[in-house]
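**Student:** In the order they appear, the protein sequences are chains A and B. Per this note's numbering, residue 21 is the first one in the first sequence, and the count goes up by one each step. Per this note's numbering, residue 21 is the first one in the second sequence, and the count goes up by one each step.
Accuracy of the hints is not assured; some may be wrong.
Intra- or inter-copy, both count: the list cannot distinguish identical chains.
In silico lysine-lysine, DSSO-like type, Cα no more than 30 Å apart, as pairs [to be verified]: (1) LYS46 / LYS93; (2) LYS353 / LYS42; (3) LYS318 / LYS245; (4) LYS353 / LYS365; (5) LYS469 / LYS249; (6) LYS93 / LYS469; (7) LYS469 / LYS42; (8) LYS249 / LYS318; (9) LYS366 / LYS395; (10) LYS46 / LYS87; (11) LYS249 / LYS297; (12) LYS318 / LYS93; (13) LYS318 / LYS241; (14) LYS87 / LYS469; (15) LYS395 / LYS365.
Don't read these hints as lab results, they were simulated from the structure.
2 protein chains.
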Amino acid sequence: VSSRSLNTLNADLETFLSALLKVTGKDNLLTDSADCWSYGYDNSRLHHLPDAVAFATDHEQISAIIKLCYEYKIPVVARGRGTGTTGATTPVRGGLVLSMERMNRILDMDPDNRSITVEPGVTNQQVQDAAGEHGFFWPPDPTSAAFCTVGGNLAYNSAGPRAVKYGTPRENTLGLHAITGTGESIRTGVRTTKGVVGYDLTRLLIGSEGTLAIISEATLKLTPKAQSKHTMQAIYTSIDGACRAVSSIMAQPTIPCALEFIDAAAIEMVRSYSPAKLPEQAGALLMIEVDGPVAGIKHAVDEIRQAAQNEDLIEFINAETEKDVADLWATRKALSPALRTVAPKKINEDVVVPVSRIPELINGLEKLAQTHDIKIVNFGHAGNGNIHVNLLIDPDDSQQMQRADACLDEVFSLVLTLNGTLSGEHGIGLVKREFIAREIDSVSLQLMKAIKRQFDPHDILNPDKIFPA
Amino acid sequence: VSSRSLNTLNADLETFLSALLKVTGKDNLLTDSADCWSYGYDNSRLHHLPDAVAFATDHEQISAIIKLCYEYKIPVVARGRGTGTTGATTPVRGGLVLSMERMNRILDMDPDNRSITVEPGVTNQQVQDAAGEHGFFWPPDPTSAAFCTVGGNLAYNSAGPRAVKYGTPRENTLGLHAITGTGESIRTGVRTTKGVVGYDLTRLLIGSEGTLAIISEATLKLTPKAQSKHTMQAIYTSIDGACRAVSSIMAQPTIPCALEFIDAAAIEMVRSYSPAKLPEQAGALLMIEVDGPVAGIKHAVDEIRQAAQNEDLIEFINAETEKDVADLWATRKALSPALRTVAPKKINEDVVVPVSRIPELINGLEKLAQTHDIKIVNFGHAGNGNIHVNLLIDPDDSQQMQRADACLDEVFSLVLTLNGTLSGEHGIGLVKREFIAREIDSVSLQLMKAIKRQFDPHDILNPDKIFPA
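Same shape as in the complex, but just chain A (with noise of 0.2 Å):
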């Protein structure tokens, strides 16, 4: 199936793979189906056969494969270890994986300037690590941070909870280094904190999803790790009380550097795992952290305890021992393997709305979750509006799945007239890709697409995602 679309490109498929030999090297190419069809997934569980999968190696080699794609008209899709959620890495149609895992080597650690250079291989979690020997992180914290890359993370903006005080990559990158569509080079941003010569190509870059340019290089910025972090966590009656007390936390000068929420059904639903009882009446749960200067840290947990605070509260926790912070994380880390169990599979959303909005969100979704008789269970960073919505189902159930997609269509509407968004990090892919129309005007979709066409003349760099079929 895969090498006939790579016929209906017009391409020859042993020519192409040949000269592609002479640019890798055999132990950087993989042709046979079997070794290629790890490549063809991700997080998603989407699949496409990839015709070949190439290990990229330095800027100069993947300029040659691009360039060579581009004269042969092969789909090329970059990938660093397949976490994503929506697709976006999958070989729609066929061609050539370009996999990121070789380039995996920080290639200049510059404590003085707050900042690292890396290739796009490097783990997050390596970024860390090299930052943290001198004191630093970087902010962009995904729950995949052991395995996802840095090229993932920029290729979907993908950020996770500290982004309410620290950002998303898009806050924390400098510059790129980068190939075009017909496989040329450029230099995107700066080596500094400022810096406003030309236009911001960089940001542009950030969040395409592999579809204008190939990054082989990152700077990042880095900021200084806080001396001190507080855990805390409020349990409430109800899920209005917690909103309510998720507006007035973000509306005082403490900000936090986390500030979770699990609903009632995943509270339900993680109760057995949990170290520490959760109250019966317990109808929604907020972890919060605060963290800085040891000097300050006590006065911050008591703005944030007071800003928790209203009727509906009915406890509020602070860690005092490094076992109590495990342990409150313990409940929030048990859901992922709990929504295993329960349901076959989960329709994952990360839908954002402004912090405000939260209240009418979840009720909204309450009535959609009876109204469509599907199971919906909420958590996510409520300090950014960015809620996880996991819509239970069984693949098998036929007519549940039917409820499910109507429901899902209804999720989103819900989303934009509460000045929302689709997607907080996940991004777009494959699988929102027909909702996109529903958020971006037309104008915009139109110029998005004039500008894919400015950076990828021939349509090779991952195809068929973002945009509508």
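Place chain B on chain A using the hints.
**Tutor:** Showing chain B alone in chain A's frame:
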């Protein structure tokens, strides 16, 4: 001259102007040269007379105006208060200046979501005042904050001292409403603090100097005001000592909210203005501010004091009273008037280098000043490595002007050698466009121009700016 420029564009000025009048009404249109005169320059003192000045009143009216300009191929330059320093708002081809001064409404103050939505003609100060009432501020703080507009701040990505801790407009803007060069409307970005749906057109427009689209509305991200602030001054015998202190201040966790630098030539110049006597052997001076919760501020001051310490430090003053603070800032604030007294004109650059390279930059600048026999005074935002390099000149001395041009050329080369950038916050406009190709590679420049063509196919939006002729 300027109406001739219109004729060369094949436009019939009279027909265009009468069509324009129907859109704007006579109260929002100037066509008399005497009336238009003052809309032809900015703070660069360059001047080009526009054929007409229209006052923007709302999004729909701007759209109608740009549609006319598109039809008649009339150049159109959007303008705030003309405080820019690069000639970016001078209408080099004549045509229309679109003044934003009457679009000065705050449309939505949303403290619950830490955001404010404003029209582009609102001044930076108006934003600070409106946000301040709710305990917030907007981080960008150019020196001209009392007069300059948000539209201008976004066009240049203008920042100021606070950027070292709180970032530039690119880090502090959520979304825009704008009109492209065809008169079509786009909404970019989100109303939330996270979002990754489609390409980042928000940051693409920010810093594009009115060449891609006209911003009609901006939603800005607000930051809670710190509870307390502390101002310090550190005086060193040498430039080198001060620069080493900047590096060590930036390497520890307490990020100052201002870290300003003044060199020996500048100190000499303001000696007589300074209420506090500056020591004879002062070779460089740092102004440092920290902010944060009251509970941690003493600790922050101690951290800074420790990091500022080295064998070249001769005086460290920690302001205890409001009067002390005013006295310390008096030195810095005396600089601009003092410069005007000393030299009839200055070439004022705002280059940036990585913080660790500031000593090399300053030493290099001293050598260039000697070689070319040009007086250079340096001050600026040291925490970002953003140094305002002032070449003091007499425009009537043509030999000196030639030496200054040659010197400036070498200043830019030096900056690029040190991994720096030509501009931190002033932008390119007219005066630096011949240098842009030294910093930005030709593939990137071609891509930027191609992006411009997608937004502005008739090249009417602020033509001849940013890119080399």
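**Student:** List, from low to high, the hint numbers that the structure doesn't satisfy.
**Tutor:** 2, 5, 7, 12
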